[in-house]
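Trainee: Given the coordinates of chain A, assemble chain B onto it according to the supplied hints.
There are 2 protein chains.
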Amino acid sequence: MAALTDHLVIERLATNPVVRPQDVQPSRPGMEVLCAFNAGAIRVDDEFVLLLRVAERPLSGSMPDDAMILDLHAPEPKTRPATGAESAAGFVAFSVLDLTASTPGIATRYLPRDLPGLDLTDPRSIRYAGQTYLTSISHLRLARSRDGVTFRVDPQPALAPATAEEEFGCEDPRLTRIGDTFYLAYTAVSRYGIGTALARSPDLRRFERLGVAFYPENRDVALFPEQIGGRYVALHRPQPRHIGPPTMWLGYSTDLHLWGDHRFLMAPRPGMWDSKRIGGGAVPFRVPEGWLELYHGVDEADRYCLGAVLLDGDQPGKVLARSPRPFLEPEAPFEREGLLGNVVFTCGAVPLDDGRMRVYYGAADSVTGAADLDVKGLLATLT
Amino acid sequence: MAALTDHLVIERLATNPVVRPQDVQPSRPGMEVLCAFNAGAIRVDDEFVLLLRVAERPLSGSMPDDAMILDLHAPEPKTRPATGAESAAGFVAFSVLDLTASTPGIATRYLPRDLPGLDLTDPRSIRYAGQTYLTSISHLRLARSRDGVTFRVDPQPALAPATAEEEFGCEDPRLTRIGDTFYLAYTAVSRYGIGTALARSPDLRRFERLGVAFYPENRDVALFPEQIGGRYVALHRPQPRHIGPPTMWLGYSTDLHLWGDHRFLMAPRPGMWDSKRIGGGAVPFRVPEGWLELYHGVDEADRYCLGAVLLDGDQPGKVLARSPRPFLEPEAPFEREGLLGNVVFTCGAVPLDDGRMRVYYGAADSVTGAADLDVKGLLATLT
Numbered sequence: 000m001a002a003l004t005d006h007l008v009i010e011r012l013a014t015n016p017v018v019r020p021q022d023v024q025p026s027r028p029g030m031e032v033l034c035a036f037n038a039g040a041i042r043v044d045d046e047f048v049l050l051l052r053v054a055e056r057p058l059s060g061s062m063p064d065d066a067m068i069l070d071l072h073a074p075e076p077k078t079r080p081a082t083g084a085e086s087a088a089g090f091v092a093f094s095v096l097d098l099t100a101s102t103p104g105i106a107t108r109y110l111p112r113d114l115p116g117l118d119l120t121d122p123r124s125i126r127y128a129g130q131t132y133l134t135s136i137s138h139l140r141l142a143r144s145r146d147g148v149t150f151r152v153d154p155q156p157a158l159a160p161a162t163a164e165e166e167f168g169c170e171d172p173r174l175t176r177i178g179d180t181f182y183l184a185y186t187a188v189s190r191y192g193i194g195t196a197l198a199r200s201p202d203l204r205r206f207e208r209l210g211v212a213f214y215p216e217n218r219d220v221a222l223f224p225e226q227i228g229g230r231y232v233a234l235h236r237p238q239p240r241h242i243g244p245p246t247m248w249l250g251y252s253t254d255l256h257l258w259g260d261h262r263f264l265m266a267p268r269p270g271m272w273d274s275k276r277i278g279g280g281a282v283p284f285r286v287p288e289g290w291l292e293l294y295h296g297v298d299e300a301d302r303y304c305l306g307a308v309l310l311d312g313d314q315p316g317k318v319l320a321r322s323p324r325p326f327l328e329p330e331a332p333f334e335r336e337g338l339l340g341n342v343v344f345t346c347g348a349v350p351l352d353d354g355r356m357r358v359y360y361g362a363a364d365s366v367t368g369a370a371d372l373d374v375k376g377l378l379a380t381l382t
Numbered sequence: 000m001a002a003l004t005d006h007l008v009i010e011r012l013a014t015n016p017v018v019r020p021q022d023v024q025p026s027r028p029g030m031e032v033l034c035a036f037n038a039g040a041i042r043v044d045d046e047f048v049l050l051l052r053v054a055e056r057p058l059s060g061s062m063p064d065d066a067m068i069l070d071l072h073a074p075e076p077k078t079r080p081a082t083g084a085e086s087a088a089g090f091v092a093f094s095v096l097d098l099t100a101s102t103p104g105i106a107t108r109y110l111p112r113d114l115p116g117l118d119l120t121d122p123r124s125i126r127y128a129g130q131t132y133l134t135s136i137s138h139l140r141l142a143r144s145r146d147g148v149t150f151r152v153d154p155q156p157a158l159a160p161a162t163a164e165e166e167f168g169c170e171d172p173r174l175t176r177i178g179d180t181f182y183l184a185y186t187a188v189s190r191y192g193i194g195t196a197l198a199r200s201p202d203l204r205r206f207e208r209l210g211v212a213f214y215p216e217n218r219d220v221a222l223f224p225e226q227i228g229g230r231y232v233a234l235h236r237p238q239p240r241h242i243g244p245p246t247m248w249l250g251y252s253t254d255l256h257l258w259g260d261h262r263f264l265m266a267p268r269p270g271m272w273d274s275k276r277i278g279g280g281a282v283p284f285r286v287p288e289g290w291l292e293l294y295h296g297v298d299e300a301d302r303y304c305l306g307a308v309l310l311d312g313d314q315p316g317k318v319l320a321r322s323p324r325p326f327l328e329p330e331a332p333f334e335r336e337g338l339l340g341n342v343v344f345t346c347g348a349v350p351l352d353d354g355r356m357r358v359y360y361g362a363a364d365s366v367t368g369a370a371d372l373d374v375k376g377l378l379a380t381l382t
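Top to bottom, those sequences are chains A and B.
FYI, numbering that gives the first Met the number 0 numbers position 381 of the first sequence as 380, with every residue one higher than the one before it.
FYI, numbering that gives the first Met the number 0 numbers position 362 of the second sequence as 361, with every residue one higher than the one before it.
There's no promise every hint is true.
Identical copies carry no separate label here, and so any pair may be met within one copy or between two of them.
What the hints assert, rightly or not - Pairs of lysine-lysine residues, derived as DSS-like cross-links and limited to a Cα-Cα distance of at most 27 Å, are as follows:
1. Lys77 x Lys375
2. Lys275 x Lys77
3. Lys275 x Lys317
4. Lys317 x Lys77
5. Lys375 x Lys317
In short, the hints are calculated from the structure, not lab data.
All of these numbers come straight from a predicted model, not from anything done at the bench.
Chain A extracted, bound-state conformation:
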């Protein structure tokens, strides 16, 4: 009865999804919120705090008079003003951070739909001749709750794209409290790749950037909440181009700013639920047996599920046990259908008063769900 045991280990909230795009105000006029998902999560005193990834795109409809058309025929992409004869229907519109404009800020670009070779098959990206743009631009937004179920979403971003390395967005935040400071690891995306930047905050209101700690290509970074063996530790997930699959590594630091001594931790497992890709999920937390990490795995059908790995308490580079099957799979309608269907993906889990963990997770790259996890039950399933 293994399958039954697995189902008892985790229980979705009846009110799922707990945050939807329509719960979030756009950050500026002319934009609509497409997704509110992949939230960092932390519990502070009696408050549940989410740091949502909010993905926005330009409102469809009319093209403004000052629209800039992206010309990709030139060796370096250039923009030109739209002519009066062009209408919105003929273009894909997307937004980027433009630091070269006289007033630097978020700017919308228009790309002709009839451009030969334009690849729109992935709903998340626009590809043309080796160049990639994103269909939406993400920022990070705080949401707060007393019960962990009903959230008030801030009207404005907590952290929005502001640097060259964040030109295409800030994504997938993980929040770790270390001492009295909150550390944030978030994906920074630009034409130069997908890397991970750090920031810190004394109060979860003001965030100070610490720069790109993990250059491209690296995402799914989470900082451990305490020093281990005299050093801070980060889970990260480099994705090499030429040799090797995406694997999970540990990096070490003495100041939470500079990182090194990187070591391979674990790889995808051929033939299993995490055969194609893996990456860190929630911030690792202490259990009597060591460190428990809830991570995502992707199979050959591109189905994103959640499983766990138990790491040694003193030497987190030692893998002690791992989920033979996922503890959460995309089964509910809101997990199966959305911008990218068949995805459950966590960036944070928080302890409940009854000893369970509430796992917040992005569903179908669109909304935020929550499910309560029996940690002891989960540990019993690891092998």
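Mentor: Below, chain B alone, put in the same frame as chain A:
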């Protein structure tokens, strides 16, 4: 007469190549030296020191009785003993570091040539079903000279594969003297990818490993020889999988061990000699105008050439000028033909007494050449 000027800027040594595979003793019985190239270079007192990348492969011919055949049909690669009926001709032989053996060390593997889908088109690699092995395994070897022309090559490696992240080899070293210590950045290759590790030495004899500072995929790392603005600086070249070309970045450190605050520096230039790939070459050196970096660029025909970039002296993240054309192109026969033809690639240059720099460079991924560079003349060509 720009072309003529370029040719006067650099002068190849008449005795090229200065180191060839036949000048290097194999590191162990049963191996042959295939390449001696991509050498780090430094001048210490009156001595020219090269740290060569030496690539070795198993001697062809008979298969030993205890040969291990690699079975790639299993989900995880396994080895099995050869049967008496199998002969060397039917197999591709290559060596790896085997840390799981009862006596960990370099071990040879045999792969059936008739394996369906086996890809041997790149002379440097063996590819099968998403897995990659290298046809040769590299270690680092010291060579010394009084005149910078005639080198005595050490009989044994200075640094050979010893960790999981070096399983497929140690490659492309760059040597930087910082204070009284020599720092070494070298490529560490394994099934987990191509990263860069650091080591240090008080005397260029004993090397102490500092671990993987630049996780995969990252190579072409060179440390600047002094602090700039109170921090150490490294050139590095991440190669992302999903978004962006291989670009050169700067990273910063306070202890030469842990790195962060990574920032994009420069990209390939469409339509130019460095359109497809770029990467750091020699260790950057001071010129009156700033920092001069000799780097490699690759064009759409996969031709590797050398050019230069001038960086601001106080803010090395500022690119001041760059070579419109290469200062060294693969033209000599030993540069055009070898394991990988049409390649000139530098890991080090040293100052000569007449003010020129002697650039040591790997040619055709096989041998080591040298050419003397008129730095002032080169600077005049940058735009």
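Trainee: If the cutoff is 27 Å on CA atoms, where do Lys77 and Lys375 land: within, between, both or neither? Let me know, please.
Mentor: neither (56 Å within a copy, 35 Å between copies)
Trainee: Given identical chains, is Lys317 near Lys77, meaning Cα to Cα at most 27 Å, within a copy, between copies, both, or neither?
Mentor: between (49 Å within a copy, 22 Å between copies)
Trainee: When Cα atoms must be at most 27 Å apart, do Lys375 and Lys317 count as within-copy, between-copy, both, or neither?
Mentor: within (20 Å within a copy, 54 Å between copies)
Trainee: For Lys275 and Lys317, with the copy left unspecified, which applies at a CA distance of at most 27 Å: within, between, both, or neither?
Mentor: within (22 Å within a copy, 39 Å between copies)
Trainee: Given identical chains, is Lys275 near Lys77, meaning Cα to Cα at most 27 Å, within a copy, between copies, both, or neither?
Mentor: between (36 Å within a copy, 20 Å between copies)
The structure fails hint 1 only (numbered hints given earlier).
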